[in-house]
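Residue numbers (the numbering used here), protein chains in the order written: chain A, -11 to 159; chain B, 50 to 460; chain C, 15 to 184.
In short, the hints are calculated from the structure, not lab data. Glycine included, each C-beta is placed from N, C-alpha and C at the ideal position. One should not assume that every hint holds.
[Unchecked claim] Facing chain C, according to a computed beta carbon distance under 10 Å, are these residues of chain B, among others: (1) Asn82; (2) Glu85; (3) Gly104; (4) Gly150; (5) Leu151; (6) Asp153; (7) Asn185; (8) Gln186; (9) Arg194; (10) Met200; (11) Gln212; (12) His245; (13) Pro265; (14) Asp307; (15) Gly318; (16) Ala325.
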Amino acid sequence: MSSPSKIVLTRAPLPVVAGFRWSVGEMMERFIKALAERRILGVRCPQCGYVYVPPRWRCGRCYAPPGEENIAELSGKGTLLSYTAAAVEIDGAGNFKELSSPKTLGAIKLEGAGSTIFMPLGEVKPGDLKVGMAVEVVWREETKGELADIKYFKPAKGSAEILSPKAPRRR
Amino acid sequence: MRNVAVIGCGQTKHSGKRRDVNLAEMVGDAVWNALEDAGVAPEEVDAFTVGNMQGFGGVAQPEQWLAEWIGASGKPVLRITTGGSTGASVVHGAYYAVASGLYDIAVATGWEKHSDSKEPGATTGLTHVGLGNTVNQVNCGASLRHLLSMMIVGAAAGVACYQAMYYMHRSGCRIEHLDMVAAKDRRNAAKNKYAHLQWPGCTPEDIARTELVAYPFRFGHICPASDGASALVLASEDVARKRCPKPVWIRGLAAYSDEENQIMSEGGGGIGILDASQQVGATMSAIKAYRMAGIKDPRKEIDLAELYQPFPSQELIFAERIGLFEEGKAWMALERGETDIDGRMPCDVSGGVNATNAIGSSALQRILECALQIRGKAEEHQVPKEVHHAVATAWGGATNYFAVTVLSDSL
Amino acid sequence: MPYIKEKRKETLSLEGNWEISASTTWKDSPLLQEYALGLKEKKIIGSLCPGCGKVIVPPRNICGRCHRRMDERAEVSDIGTVTCFVISAPFEKGKMKLFGVDPVDLGLVKEGERVISVYVKFDGADSNVDTELVGAKPEEVYVGMRVKAVWAENRGGKLSDLEAVEPLKE
């Protein structure tokens, strides 16, 4: 027989944070460690020929396991397939934060790769970005074997064709 | 409605830390093992059901990541989660898909990757499940001392502790019997190459030497938090008879959810169940499943049981609930050796959930183990007698979900 | 413990945090607050189901078995029976953390103390109340023990107004 006169919302009395650490598996580990040597690795499926960046334990199209022997290094140059510029960011509690300058993100198809990667873009104004332009990787000053070793991609001199049939260099 | 059979089983090794793989690789492992066992190519699978306790591993919608890793590209995928009974619900979902006539071959997979959470065991998941209730209690002025007295049970086993005490008081079962069950489970698990806590030759005295956490549970009674995945391939009668030399038929299945049965209901209210070991859902779903399977006297007709028992008391409680032993007498049957691997009613010869608990996978493994035993493929932990009918149970949710599956070697 | 251990490779991990407390709010429960207000007057209140006649303590909106709304209230006795109990291991410093703090350090419990958590069915109720048993040694507890509520001296309409239960002195 009670009805609330007002709804009260409460937060937890003490900070409660659930921490996670997701193990990445062997293929992804090789990719991350190779970043320390400024190398971007991909894997080529021997059955259907699709090249994945980062490398995967099993092809998502034909389900064959590529195996470590099919891992190959990519050139670090690619084509910008799409991009966007974000004016706001979201913090961990659901609030919008205005950015002082827009953050640009691009979908990049590296030379020889089948899949695209999503990376920050730098050294370029959002207005100068064009779909199809050639881009290349810029590494962090000191690489540590982390995903953040790839600082961003910048416009490259010279050209890199979209859907290049050039096979990745094998190491 | 069509008949449905299990035509393939697949598991990964379950252990405390599978840090050698990421989530998709681990689940993929189980699914590819199952497809290989069934002799089915991924293109031939029509539908997938997947499930786990997503909060525990910190991946909110894992089916979105997994789809192409388990061969589900271009196929319908349904995620089903029902707490601890997730594994069985996932199999039931695949059963519905095939029995309805809509699909011919369905794959069901369940998994858990606890080690991705920084806190030990299942604490991360329980934090976000129990936190709301705790905040509510604190807001209404609960003392820290009261929270502490609630936590000593929560820390050990939640309501399972109370459940065990009810059973022990009612039936005369003693803590020594819990030692016996736990020892049997870990001894059996040593013969199961996929199980987690493998202690060859474990004795009740070994378990009795472990530390008491909260009476009546010792440290050696409590199930582990495992990483692992398992999968089953289900097929319609047509496909099963053509493709599988020994299909295992799912003859009966039922699930029953009851009033939530934790220490208090969400919002702090009371629960209208005075005896936590009553578990009406278990009896109701067993009755329905047996009727569907044509089993009139489970004590005589069931050859083997895989019960969902994260705690040893639950093996005894649930075995009675589903009619395998007389009320209050399961612990006596245990003393007589009836539940041993070579006994009259072998229970959890795989080691059960007490030895291996990757939550999303554990209920599925109960059905999987029954199928292996019926086919005679359980290798080192195969029971010596012929297995014609087996029953698998699953328990979970706010200890109020129950699912029973009856498998058989004939229709 | 001599479990078989297997060695597996430990690959790199990516880390992330879910800030549960920062990103979530909960609605208060008016029913539990009503119950707490009753405790101030030394009254233990439950909700009565018009269908099966059960009295659920603390009150709830809907009966769990017959699904009817339980709008009526009923008061139950503050004397009841222990239907179940669980006894902790002796508390030690550093053994357990409650929300990140050590309960022995905090003075919540003494070193070596064993906490007896009991389910009490107060006379007239059809549900258990989870509370603590004081005034009895662990060996003395048994199912069926008659107990009486221990009320806090200064009650303010909080759950802690019902401090614990103690053995009923006949």
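Against the structure, the hints come out as follows:
| no. | hint | verdict |
| --- | --- | --- |
| 1 | Asn82 | violated (17 Å) |
| 2 | Glu85 | violated (22 Å) |
| 3 | Gly104 | holds (9 Å) |
| 4 | Gly150 | violated (33 Å) |
| 5 | Leu151 | violated (32 Å) |
| 6 | Asp153 | violated (37 Å) |
| 7 | Asn185 | holds (5 Å) |
| 8 | Gln186 | holds (6 Å) |
| 9 | Arg194 | holds (5 Å) |
| 10 | Met200 | holds (6 Å) |
| 11 | Gln212 | holds (9 Å) |
| 12 | His245 | holds (9 Å) |
| 13 | Pro265 | holds (8 Å) |
| 14 | Asp307 | holds (8 Å) |
| 15 | Gly318 | holds (3 Å) |
| 16 | Ala325 | holds (7 Å) |
The earlier numbered hints that this structure contradicts are 1, 2, 4, 5, 6.
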